[in-house]
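Heads up: the sequence lines are chains A and B, in that order. For the first sequence, the residue numbers in my numbering are 43 to 147. For the second sequence, the residue numbers in my numbering are 2 to 131.
Some clues are possibly wrong.
[Said to hold, decoys possible] Cut-off 20 Å, straight-line C-alpha distance, at most; resulting in silico cross-link-like pairs (EDC-like, lysine to aspartate or glutamate):
(1) A/Lys65 / A/Glu118
(2) B/Lys52 / A/Glu80
(3) B/Lys55 / A/Asp106
(4) B/Lys52 / A/Asp84
(5) B/Lys55 / A/Asp122
(6) B/Lys55 / A/Glu123
(7) B/Lys52 / A/Glu118
(8) A/Lys65 / A/Glu53
(9) B/Lys55 / B/Asp120
(10) A/Lys65 / A/Asp96
(11) B/Lys55 / A/Glu118
(12) B/Lys52 / A/Asp122
(13) B/Lys52 / A/Glu123
(14) B/Lys33 / B/Asp20
(15) B/Lys52 / A/Asp106
(16) B/Lys52 / A/Asp125
(17) B/Lys52 / A/Asp81
(18) A/Lys65 / A/Glu97
[Claimed, not checked] For each label pair, taking beta carbons as the anchor points, the in silico distance ranges come out as:
(19) A/Ser136 / B/Asp83: 22 to 32 Å
(20) A/Gln139 / B/Ala61: 35 to 45 Å
(21) A/Gln139 / B/Gln119: 43 to 53 Å
(22) A/Ser58 / B/Gln116: 33 to 43 Å
(23) A/Ala47 / B/Thr58: 25 to 35 Å
(24) A/Arg120 / B/Lys33: 37 to 47 Å
Simulated from the structure, these hints should not be mistaken for lab results. Note that beta-carbon positions come from the ideal geometry of N, C-alpha and C, so glycine has one too.
As a plain string of letters, each chain reads:
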Amino acid sequence: MIFTAAGRVNEAEIESAVRKVEKDFEPEVDRIRYSFGEDHLDAPAVFFRIVVRDEARPITHLMDLAQRISITLMNEARTDENDLHAYFRYRSVSEQQQLRDPAWD
Amino acid sequence: MRRAISTAYYAIFHLLIEDACCNWTRAEQRSKLARMFDHGRMAEASRVRAKEFKSATGSAELLLYTVADAFWQLQEQRHAADYDLSNTLSTADVELAINQATGAFRSWNAIRTEQIAQDYLFALLFRERA
Chain A
43 MIFTAAGRVN EAEIESAVRK VEKDFEPEVD RIRYSFGEDH LDAPAVFFRI
93 VVRDEARPIT HLMDLAQRIS ITLMNEARTD ENDLHAYFRY RSVSEQQQLR
143 DPAWD
Chain B
2 MRRAISTAYY AIFHLLIEDA CCNWTRAEQR SKLARMFDHG RMAEASRVRA
52 KEFKSATGSA ELLLYTVADA FWQLQEQRHA ADYDLSNTLS TADVELAINQ
102 ATGAFRSWNA IRTEQIAQDY LFALLFRERA
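Working from the sequences, and respecting the hints, build out all of it.
Here it is, written out as structure tokens:
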């Protein structure tokens with residue numbers, strides 16, 4: 043269970059929000075993974091890991107896409123309302139195939 | 002790659018501190034003032050601004066969102082890059098960090114003299130009373 047200054051975080055609500063965003067961005071996003079923890083300031087945090095399709099990887103496109111997904115995830119998962127610090131990282135399907143980080147699978 | 006992320010963060014860190022210190026009229030005291038800025042305090046002030054302006058419609062507010070969001074996101078990434086060696090990095094991480102810092106510089110240059118930007122600089126050093 044995750045507790046913040048705003049109270050207990052509803053993990054099911056966040057899971058549902060993430061799956062919704064994953065579906066809404068399906069043409070460009072392959073999958074979204076996330077985990078809860080604390081950031082380096084010891085604040086409750088959620089770390090989103092977004093794997094984008096290779097076609098969405100060129101940096102000019104990815105910059106715009108990353109901003110849209112990050113804001114949508116914060117709004118849908120209500121991270122600010124839950125006082126949960128939200129962090130975002132992105133990589134492409136090809137990059138993950140090379141790096142083989144289980145946290146991103 | 003770790004160094005690039007760290008540098009992207011510190012570029013914004015120094016940009017903001019330099020501008021904040023320029024408001025101090027006694028030039029000989031500015032280097033001492035610069036050392037009083039705290040990463041945690043700056044992150045918190047940036048997070049508050051990013052939260053406040055993420056759905057803003059005004060152009061200055063949106064530009065400040067770009068700066069504040071880049072600051073606190075890159076601070077966390079910089080910490081992970083420098084201290085968590087189990088954390089795998091991709092080229093996308095680095096390209097995004099550099100582009101985020103570049104965007105923050107561009108946005109800051111457009112609003113640096115506006116009241117909203119000056120209030121942000123103040124909040125980077127001084128905690129506002131509730």
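Status of the hints after comparison with the structure:
1. A/Lys65 / A/Glu118: holds (13 Å)
2. B/Lys52 / A/Glu80: Since the Cα atoms of B/Lys52 and A/Glu80 sit roughly 18 Å apart, the hinted pair holds (cutoff 20 Å).
3. B/Lys55 / A/Asp106: holds (14 Å)
4. B/Lys52 / A/Asp84: With Cα atoms ~19 Å apart, B/Lys52 and A/Asp84 stay inside 20 Å; holds.
5. B/Lys55 / A/Asp122: Given pair B/Lys55, A/Asp122 holds - Cα atoms ~11 Å apart, limit 20 Å.
6. B/Lys55 / A/Glu123: holds (13 Å)
7. B/Lys52 / A/Glu118: holds (14 Å)
8. A/Lys65 / A/Glu53: holds (18 Å)
9. B/Lys55 / B/Asp120: Holds - the C-alpha atoms of B/Asp120 and B/Lys55 are around 17 Å apart, at most 20 Å.
10. A/Lys65 / A/Asp96: holds (17 Å)
11. B/Lys55 / A/Glu118: Given pair B/Lys55, A/Glu118 holds - Cα atoms ~13 Å apart, limit 20 Å.
12. B/Lys52 / A/Asp122: Given that 20 Å is the threshold and the Cα spacing comes to 7 Å, the pair holds.
13. B/Lys52 / A/Glu123: holds (10 Å)
14. B/Lys33 / B/Asp20: Holds: B/Lys33 and B/Asp20 sit about 14 Å apart, inside 20 Å.
15. B/Lys52 / A/Asp106: holds (19 Å)
16. B/Lys52 / A/Asp125: holds (10 Å)
17. B/Lys52 / A/Asp81: Holds, at roughly 17 Å.
18. A/Lys65 / A/Glu97: Satisfied, since the Cα-Cα distance of roughly 17 Å is no more than 20 Å.
19. A/Ser136 / B/Asp83: 22 to 32 Å: holds (26 Å)
20. A/Gln139 / B/Ala61: 35 to 45 Å: holds (42 Å)
21. A/Gln139 / B/Gln119: 43 to 53 Å: holds (47 Å)
22. A/Ser58 / B/Gln116: 33 to 43 Å: Given a distance of about 40 Å, which is inside 33 to 43 Å, the answer is holds.
23. A/Ala47 / B/Thr58: 25 to 35 Å: holds (28 Å)
24. A/Arg120 / B/Lys33: 37 to 47 Å: Since A/Arg120 and B/Lys33 have Cβ atoms about 42 Å apart, the given range 37 to 47 Å holds.
Of the numbered hints stated above, none is contradicted by the structure.
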